[in-house]
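Peer 1: Sequence:
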Amino acid sequence: MNRPFGCTRVASGRANVFRGRSDQPPRFDSGESMSATTHSDMLNEIKEVNLSYLLLAQRLLREDKPTGMFRMGISEQSAEVLANLTFAQTVRLAASNQLLCRFRFDDHAILSALADKGKTALTHSAIIMAGQDVEQIG
151 MNRPFGCTRV
161 ASGRANVFRG
171 RSDQPPRFDS
181 GESMSATTHS
191 DMLNEIKEVN
201 LSYLLLAQRL
211 LREDKPTGMF
221 RMGISEQSAE
231 VLANLTFAQT
241 VRLAASNQLL
251 CRFRFDDHAI
261 LSALADKGKT
271 ALTHSAIIMA
281 GQDVEQIG
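Under this note's numbering, the first residue of the sequence shown is numbered 151, with each subsequent residue one higher.
Hints in this document: simulated from the structure, not taken from any laboratory. Don't take each hint at face value.
[Stated by the list, open to error] Listed next, the in silico SDA-like pairs over lysine to any residue satisfying Cα-Cα at most 25 Å (straight line):
1) K215 x N234
2) K197 x N234
3) K197 x S228
4) K197 x E230
5) K215 x V241
6) K197 x G218
7) K215 x L235
8) K197 x R242
9) K215 x R252
10) K215 x Q227
Whenever a hint applies, use it, and build me the whole structure from the sequences.
Peer 2: Right, dumping it as structure tokens:
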């Protein structure tokens, strides 16, 4: 399905439309206050992302724990907790209004390598990420 440039489809089936013409990049006005509906929609989308992330994390860990830990950049202790959550606990945890997943590509070298679509760039970024320390929450 073709959509105008300023329209993206989200997992829940709704479409998010940004201000601006379809031939220009989306424009985000940071000076405007967010309406209650928009804020509520954003919180719902955060909860959906959280649930999707947790379910994927559990699947990765249950199928191949070392690979799952590596791909998510988490410690064995965190992996144990995530893998052993009940569905009810997973849903409660996903209901947070904060994103549970972390953007791992905060290093300029990794972002640049991923933006360069060459095969060697992807390999280089994988090597850099493999050398990163496991994140500890505490």
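Peer 1: Hints first: check each against the structure and report whether it holds.
Peer 2: Now for the hints, and whether the structure bears them out:
1. For the given pair, K215 sits about 12 Å from N234 by alpha-carbon distance, which is consistent with the 25 Å threshold.
2. Straight-line distance between C-alpha atoms of K197 and N234 comes to about 20 Å, which keeps the hinted pair within the 25 Å bound.
3. Under the criterion of a C-alpha separation no larger than 25 Å, the hint pairing K197 with S228 is consistent with the structure, at around 20 Å.
4. Restraint check for K197 and E230: satisfied, since their Cα atoms lie roughly 22 Å apart, inside the 25 Å limit.
5. As the CA atoms of K215 and V241 are separated by approximately 21 Å, the hinted pair is consistent with the 25 Å bound.
6. A threshold of 25 Å between alpha carbons decides the hint, and for K197 with G218 the separation of about 22 Å falls inside it, so the pair holds.
7. As the CA atoms of K215 and L235 are separated by approximately 15 Å, the hinted pair is consistent with the 25 Å bound.
8. Straight-line distance between C-alpha atoms of K197 and R242 comes to about 10 Å, which keeps the hinted pair within the 25 Å bound.
9. For the given pair, K215 sits about 19 Å from R252 by alpha-carbon distance, which is consistent with the 25 Å threshold.
10. Distance check on the hinted pair: K215 and Q227 sit about 12 Å apart at the alpha-carbon level, within 25 Å; holds.
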